[in-house]
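Undergrad: Protein chains in written order, with UniProt numbering: chain A, 1 to 297; chain B, 1 to 286; chain C, 1 to 343.
Be careful, since some hints might not be right.
Unchecked claim - If the Cβ cut is set under 8 Å, some of the chain C residues that face chain A in the computed set are: (1) Leu-39; (2) Ile-43; (3) Leu-110; (4) Val-111; (5) Arg-141; (6) Gly-143; (7) Arg-170; (8) Phe-182; (9) Thr-304; (10) Ile-322.
Rather than coming from a laboratory, the hints here were simulated on the basis of the structure.
Just so you know, even glycine gets a beta-carbon here, dropped at the ideal spot from N, CA and C.
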Amino acid sequence: MNPELSFFVEVVVGGLLSGVMYALVAIGFVLIYKTSGVLNFAQGAMVLFAALTFVSLVEWGLPFPAALIATLAVMVVVGLAVERAVLRPLVNQPPITLFMATLGVAYVIEGAAQLVWGTQVHGLDLGIDDTPLEFGGVLVSRFDLFAAAVAGLMVALLTLFFRYTRTGLAFRAVADDPLAALSIGLRLPRIWSAVWIASGIVALVAGLLWGARLGVQFSLSLVVLKALPVLVLGGFDSIAGAIVAGLIVGAAEKLAEVYLGPFIGGGIEGWIAYVAALALLLIRPSGLLGQRSVERA
Amino acid sequence: MSQSSPRRLQPAPSVTPGPRAKSGETPILAVEKLTLAFGGTVAFEAIDLSVQPGEIHAVIGPNGAGKSSLINAISGLYAPQSGSVSIGEARFTRIPAGRLAALGVARTFQNLALFNGLSVFDNVLSGLAGAQRAGLAAQWLGLPHARREAQVHRERAAEAIARLGIGEVAHRPVGTLPFGVQKRAELARALVARPRLLLLDEPMAGMTATEKAEMSRFIREAREDLGCAIVLIEHDIGVVMRLSDRVTVLDHGRRIAQGTPAEVQADPAVVAAYLGVEGDPESEAA
Amino acid sequence: MSTALDLPAKPRDLSGPVGIALLLALAFGLVPLTASDYLFEAILTPFLALALAGLGLNLLTGYAGLLSLGSSAFMAVGAYAAFNLSLRVPGLPLPVSILGAGLVAAAAGLVAGLPSLRLKGFYLAVSTLAAQFFVAWALNRIGWLSNDSPSGVINAPRLVVAGQSFEDARGRYLFSLAIVSFLTFATGRLVNSPTGRNLVAIRDSEVAARIVGVKVARTKLLAFALSCFIVGIAGVLWAFAYLRTVEPAGFNLDRSFQILFIVIIGGLGTLRGAFLGAGFIVVLPLVLSRLGAALLGDSFDSGTLEMVQRIVLGALIVIVLIREPAGLSALLHRTARRLRLSA
């Protein structure tokens, strides 16, 4: 392959793989948005909290699986606590109020995570070495492949869960029409709890993958900012949309950084995804997979 | 309560002889072959409807017949696939909702669409938003023409409020008031603009018989004072028969009858459609 | 001004002319005579700048119902625009360069507001983050904007108006106070005008607003422009009167959230809410640090303080939202009414 082309492919593949990681964070948002109409800004704080808890437990000498299970338990408790203490008292409030409440929750979780586990940067080694693999002249990070595989597995599990379990089916009913779901006797609070637990688990997986890549520190909670343009593009209520948009944003961001960056200065990855998402929405107001409404409400 | 139940569709005693149109006059509202579908579901199909100035025209039909969708399409909230809507001389497939006020059309909503953070008075005042001429700077500086306009608008709003008998609560936030009062406030907001065409989507839903009688009086007065045409969706057949000049009956998105209340009551297709929903509590209440 | 027909008179609330006159007399008369430099520099001046930013955001979010997460970007635009105007137009009077800064911020707001014509709710909120990150990037990357200073740091020009210097602590307070008072008065007139009513109409029911003839698109853009005008001038005060030296990183997402919190805690859709919220946000850290030092002594370092602050702030927001969704403003209103009833 000619070197320019293989470099291009490398950039695209790298972008797509990190796009999978964006999608993973975005899915945490989608789960909650679909059932309760809340844009859960605390998702990033949950990612940070999960990663920080896990790393600290490992550093205390807990074996890897034990730390994983303990962190999982902690995340379930956190998810349930947020749902019970914050969201449930605010039920029937306008979405903007709920959103601001999750902003408050994000502050509490971020503050608590660092108060308990400290503010220093922790390394996180998942035991995946980062030597690149070569496919026909294209170098691909082994870790990125692993992360994409885990994220893919996560999505598959969630899909199975929602398609084949009672709670999952109830979730879909609620997402489609909360009033109807209520009237046929589905218990909303139970579904909300389930969803918050699920998004806690997604946060854990995302926290481990992102933490291993960036180091576990405060800035981990900023992965939400990577997920938001993905959500705008894919629709807040579509898991499939989150995946497709994640891939697009990941690839577009890397391409822009490599091919556009030299002309307008580096560091554009902070906003290019937003601008790209907005531009795409102007062309296609209903988003990638949105069919429900013409305007994004 | 019940004066005329839908199963005894008798001629109503007190049909107001409306200022019926001389033939040849331009209708204020002309709907032609209008069709609306959401995805694959047809809301209504090939609807024709013509309303003369000063006419009260009721649209009735069982739940899901497409009545509200029709009003929403006429007011530009839904985009019909084909057909046309003419307001006076202006003809559209989809009316831009933002031009309704300028076209002299006002409406109310089935489930209310008031500005809950504003007082009744301010809600009614905002019914004149389309008539605001003074610019922001003029308003802000309090230039004479802006002040004059504001004063005139305040007087008109106060008049509309007094007319609907909600003066007592004029400065209360509208969202805190009982449903019936809110319905009146919404009607006041629509009337204050002195529309040529008024679209009322179930103005009496959930009201007691007394409230309905009052509301009917307001609607009749609006027609007499403003000379406006009114398109009215109402479930209470008794009210419809007494209030309207002409009636259009929809069923499953199709027009099954049109005519004077008496004609429509005698129409076998209408009787059949209503027999089909004999148990429907909403058409039961009168 | 009375309406023609005999409707009951509109009830007067707290913010009647007497109350406002008293407040102004206190702020312009008594406070400058009695307050210490510490009070001016650490509390009053930042309070005024943040209150003004809150006022601007409240116009957009509280009145027009358009959620913005990028307020501090427009503060930055205002601050850097004023800096450049003062720097590059010699002899430009300070009030003119501040006005110009407001206009530049308003223009930026207009651009940032364009997605509001297509997007709603959270989609719009997220789109305002584009402005947040783009502005930070531009200020860091485009050297010209900060006159090529390293990492974009700028120093405030001298605060002199018509030969009168406002350089000392008290002067900077009075300078800010004059601007904030005027803009608050101006905003008050705006929200009570028909245009102000149209903003609320769009917030409460965009469909109904459109139907009654509110020019929705134009009014939304107007809300963005006016809001960003005010927020931009707040940025000038923050940079010139309070900090004196600022860098782009000072106008980050946390600052935007801080302003949003001011508006929520103070009360959405009220003028005084911005002031109550700003007072709360400025005083809270001071109270916490005193309290922490008193209770825990030396082990309460600044790192811990920051975390505790974050937790307390976050928890307070949640509590306010659950207990008093209309914010401190509503609390004050109720308390005052109760006092009046019992008097």
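Undergrad: Of the numbered hints stated previously, which ones are contradicted by the structure, given in increasing order?
TA: 1, 2, 3, 4, 6, 7, 8
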